[in-house]
Amino acid sequence: MNLSRKWLNEFVEINAGDREFAEAMTLSGSKVELTHDMGEEISNVVVGRILSMERHENSDHMWVCQLDVGQSEPVQIVTGAWNIHVGDLVPVALHKSTLPGGKKIEKGKLRGVLSNGMLCSLKELGLDERDFPYGVITAAALLGDYHPIDPDKPSIPEEIELGHKIFGSVVAAGAGEVKSLGDGRWSVALVWAEDGSPVGTTVETECQNIHSMDLVAFNTKTRTICTLADLHAEQREFPNCIPDGIFVLQEDCKPGDDIRTVTGLDDHVVEFEITPNRPDCLSVIGLAREAAATFDKPCRFHTPEVKGGGEGVLPELLDVETPDPELCPRYTARMVRNVKIGPSPKWMRERLRAMGVRPINNIVDITNYVMLEYGQPMHAFDYRYVNGGKIIVRRAAEGEQLTTLDGKEHTLTANHLVIADEGRAVGLAGIMGGLNSEIVADTADVVFESACFDGTCIRKGALALGMRTEASAKFEKGLDPMNTLPAVNRACELVELLGAGQVVDGVIDILNYVPQPTRLKVEPDKINALLGTDVSENVMYTILQKVGFTTTKERGVVEVPSWRGDVKEMADLAEEVARFYGYNNIPTTLMRGQTTLGGYSQEQRLEQKLGAVCRSCGYDEIITYSFISPTWYDKIGWEAGHPGRKSFKILNPLGEDTSIMRTTTLPSMLDILARNYNYRNKDVRLYELGRIYLPGGEDGLAVESKMLTLGAYGEGFDFYDLKGAVEAILKDIRAEDIHFEGPDGEYLPCAAYHPGRLASVWADSNCVGVLGQIHPNVAKNFGVDGELYCAELDFDHLMKAQGAGAEYVPLPRFPSVTRDIAVVCDEAVTVGALEKAIRKGAKGLLKEAALFDIYRGKGIDEGKKSVAFNLVLRADDRSLTSEEADEDVKAILEALEKDCGAKLR
Amino acid sequence: MKEQLAKIEREALEAITSAGDPAALDELRVKYLGKKGELTAVLKQMGKLSAEERPAMGALANEVRSVLEETIELTAQKLAAAALEARLKAEAIDVTVPGKAVKQGHKHPMYIALDEIKDIFVGMGFTVLDGPEVELAELNFDRLNAEEGHPSRDWSDTFYFDEDSRVMLRSQTSPMQVRAMDTRQLPIRIIAPGRVYRKDEVDATHSPMFHQVEGMVIDKHVTMADLKGTLNLLAEQLFGKGTVTRFRPHHFPFTEPSCEMDVQCHKCGGTGCPTCKGEGWIELLGAGMIHPNVLRMAGIDPEEWSGWAFGMGLERTAMRRFKIADLRLIFENDVRFLEQF
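Line by line, the protein sequences give chains A and B. Counting in my numbering, the first sequence runs from 1 upward without gaps. Counting in my numbering, the second sequence runs from 1001 upward without gaps.
Treat the hints with care, as some may be off.
For the chain B half of the interface with chain A, some residues (derived, Cβ under 7 Å), not all of them [claimed, not checked]: (1) G1105; (2) I1120; (3) V1122; (4) F1126; (5) T1127; (6) V1134; (7) W1155; (8) R1189; (9) N1232; (10) F1247; (11) E1256; (12) P1292; (13) R1296; (14) R1320.
Listed next, with one range per pair, are the computed distances between beta-carbon atoms [as the list claims (entries may be wrong)]: (15) B:K1048 / A:P815: 58 to 64 Å; (16) B:Q1185 / A:D296: 44 to 50 Å; (17) A:D721 / B:Q1185: 46 to 52 Å; (18) A:E554 / B:E1303: 18 to 24 Å; (19) A:E559 / B:E1303: 22 to 28 Å; (20) A:F814 / B:K1089: 41 to 47 Å; (21) A:E715 / B:I1093: 24 to 30 Å; (22) B:D1157 / A:A640: 31 to 37 Å.
To be clear, the hints were calculated from the coordinates, so they are not data collected in a lab. Ideal placement from N, C-alpha and C gives every residue a C-beta, glycine not left out.
Using the sequences and the hints given, assemble the complete structure.
If you want it as structure tokens, here you go:
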């Protein structure tokens, strides 16, 4: 919501500077986003009167002007524009001035002649013709400026002279005296020859570029001076006769006046962020109320007065029906006859422009003006297209067609509310008018509609058509039905003020609801108890009265103003009190009351622990999106019927890429690994503790399980590096009986992994997850041609695998005996199987069996390998003898041979 | 004999003090003090002395022995010290050669910020809750007083899983307020961090998925002054002692009165600069007193109990804390970014 400070000051005079104003309004609840000084970029630009004009001696198109700019001496300025005349008032950018767009003007020489600045066009001031409709420039085709397209075949001969015929009734005529008629029209004395004898006349023209001595094309039949269009000429044939030039002011001003004041650019516009509970603040009056309360100033609101007297009797001219009363709590309308469509006055255009609304014509501008001032959307439509003089506010028929003012055609449903006559819809209620009843140049009779529609109906209707308009945005928040009447009267008052037509007496006002003002009990104790303040009852009443609450006969009860639909109970009153008492004046206290035991849950502690161990292993934490593309399931090699493909699907995703809730974290990890790989980051190790979302939860929700995902790549990084990290994690949480099973083990097939470099991770009989090298095809799908490694560990299973807390085991009191053994076995026998056999064979003295070498090659047969272990044997109650140890080792070797066919090397 | 002893002492001391290494010193020890050493040889002549002379000579001989022994010991120490010094000198290394790399993992900056916040509240007796992201619209909206028609319920703003707009991706962590009210005993002090989702295209300040932390207290006699006190404490812990805050009125359907808390811009100190977009303040979080309707819907009597709640965006907090200019970096997970924290 934009607010013009000038407009605001009409209702409440506030002299605070921009910063102070913004701060105070923000702290009382109307957040100021920014303040825009409309003339900020313009400096040292003043009104100048042209005293004289001389043609530039070194140029065929420039003028050297002397101007009175309110200083003791005239200033000289050179210009290339042709639409100015002696006596004109024009904007002058003096030496060392600035213009919009950061343009700086300084004095300088133009083809050898000193110019002390620049004369400005509308555009150069940041304005356009909508701001100043009279600024439109019409150019006559001046024959002296003619440049033939083909020099060999000019359509106007170079030696053309006064009186020569150009074509048909068009002759070359010389301009004599040129006089301004003041309203943008000019009288030009013309001379030409007919049958060898001179003829003269004086004509009126809108063309602004004619000066004495110019040769013009004159149509003797229509008695008009020809424009380029009249001659069917192209612009390049008359390069200087252009519809652009200096902005010749028709304002009440004098030389030396600041151009910002003259053009209304001296306003400051404040941009507010208005919260949806306060639609009343989407208006100048609403913000004026807030500003008045904030700065403790009186408001000057006025009740519109309409003289009326327009021809006819309103009930005979217009009849309104509301067959769906719940969708239209109130419908108010008035009529204006003998409308004269034209531009609205400067003050109105200025205000509209300041608020960011484009001026169009007086009637449309009035509706916009009232919407901005009162916050009440208005619509004006052409009475002649309301067949039967009957307005029906009804639901649209299924499939009903309507073309709106923006030229778009819509097919409607019964959820839309339309304004219709007996035969057809003429507007989309609360959203936009229909093209078929648009106000046009020859509109004679106008109906002003000021209604209150059901917010939800308007919101849904606008949303369904994808056309949220300023009006619908207001309606959807729920407007004050008491506002429709003052608004329509204000519109009619403005019609009379602008002389834009005659208002018919009377108002059509259909009320489909019973106005019931909200009454609330003011309970100062409760308000203070909620706020933690000690505000006196008097202060509370003063504050409430400032914002429009009125006292009632009943003691302690106030009536809520009709525009404050958001105030419903004590807490709402407390907010009003707090806003103007000052949020920052509320004391700050620390919590009292019962002490609660805070802390982290078991799960949260495990999360922290897992993160810490991952980082200690050198893994960096990542965060990835929970939603993924369904194509990622293809990329990780999941076949069409894979059960994991059953995912929560977002019906309105931002895009396919973020359209389903992941049931696996693997592709998210691969995506990030691939991104780092593409960035040529070396030795990357990542982890994420993130959720997956599986169908089948309570209430139709998801089962949201957490997964600890590890991913890595790098020079020399292999399966065992990752396995080491997984082991470290499991050891850190004191999991028992940690073991890994190879590809033949028991787990779901994992198509994403290298079939020979994949293991399931176990803690006792609990499968915690998988780890392995990513299948080269899958890696390739993510754009990586190197080896990627990932582990996926299920958080809930890790939780289960967590071992008991640490308990001290006495340190060994007797020395241990170590023995190294190397056995030769078939290549297919795994180290895991050998370890198992060792443990099985040991007779209770074995404390540790650590692999230290695997050897293939010289001395070992093809298809065999030598595996070496370091065995630690110890008894807790005595020193072992060599014989005792040997006996155990012997048993171990026997088991190795029996179970694995492994022989001592 | 006396002269003999004096001579031995003189010669021995000279030899010992000029010994160059431990081996030479050892030789001297044997030469003078050994069983066949010179001093021993002299002592062997003791028998030839008279009984009167013996004690005096014996004492003198012992004195010489102890002087020699002491000198040998001192010299040995000196030699050892010199040897050690020489060794240490030889062992000197170039300390500017880089250390052997220890690869350390890094916590994601967003979680660094979150963990700080968690610790602050846990210290104040809050419990940390976790809740579903795929959530019922009933809990995300209705139970939070955002009635049918509230703009945030639009399909243009929120992600839905069914045509009836029943199941959605939570757009805020606030449904955790309702879940806490429904499942926990009063009084309640909880925070609930987590992922939330809104239909915003990705840019430097927006992401369709981001993180919030919700906080809530329900107790008897809880006031807005308590809310301010607690949040000021949070701001001081996050941004340092003396951090200046301000509270502005705002609107949320589930709190009344509602506010937003700003922190004075750390860059300009409140005068206005590009960091704070000229405002002098940076918005940190939204908060307010729990709306009586929300309490009522949870079966809590607002006449007896009151409470406050707040919600803050974590990415923005982390970005401010670490001066990260672009939100996309948070989710890009480039290790060159991650390893800065």
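Quiz item: Per the CB criterion, is B:T1127 less than 7 Å away from chain A?
Solution: 6 Å, holds
Quiz item: Minimum Cβ distance from B:G1105 to chain A below 7 Å?
Solution: Where the cut-off is 7 Å and the nearest Cβ of chain A is about 3 Å from B:G1105, the hint holds.
Self-check item: Hint check: 7 Å Cβ-Cβ cutoff, B:V1134 to chain A
Solution: 4 Å, holds
Self-check item: Supplied contact hint for B:R1296, tested at 7 Å Cβ to chain A
Solution: This hint is violated: B:R1296 lies away from chain A, its Cβ roughly 11 Å from the closest one there, beyond 7 Å.
Quiz item: Per the hint of 46 to 52 Å, is the separation of the Cβ atoms of A:D721 and B:Q1185 within bounds?
Solution: 48 Å, holds
Quiz item: With 7 Å as the cut and Cβ atoms as the points, is B:W1155 at the interface with chain A?
Solution: 5 Å, holds
Quiz item: Per the CB criterion, is B:N1232 less than 7 Å away from chain A?
Solution: Holds: closest Cβ of chain A sits about 5 Å from B:N1232, inside 7 Å.
Quiz item: Does B:P1292 meet its interface restraint, that is, does its C-beta lie within less than 7 Å of any C-beta in chain A?
Solution: 6 Å, holds
Quiz item: Holds or violated: 24 to 30 Å for the Cβ distance of A:E715 and B:I1093?
Solution: 27 Å, holds
Quiz prompt | Satisfaction of the hinted span 22 to 28 Å by the C-beta atoms belonging to A:E559 and B:E1303 | solution = 24 Å, holds
Quiz item: Do the numbers back the hint for B:R1320, that is, is its least Cβ distance to chain A under 7 Å?
Solution: Check failed: Cβ of B:R1320 comes no nearer than 18 Å to chain A, outside 7 Å.
Quiz item: That 41 to 47 Å hint for A:F814 and B:K1089 (C-beta), does it hold up?
Solution: 45 Å, holds
Violation of the numbered hints given earlier is confined to hints 2, 13 and 14; the remaining hints are satisfied by the structure.
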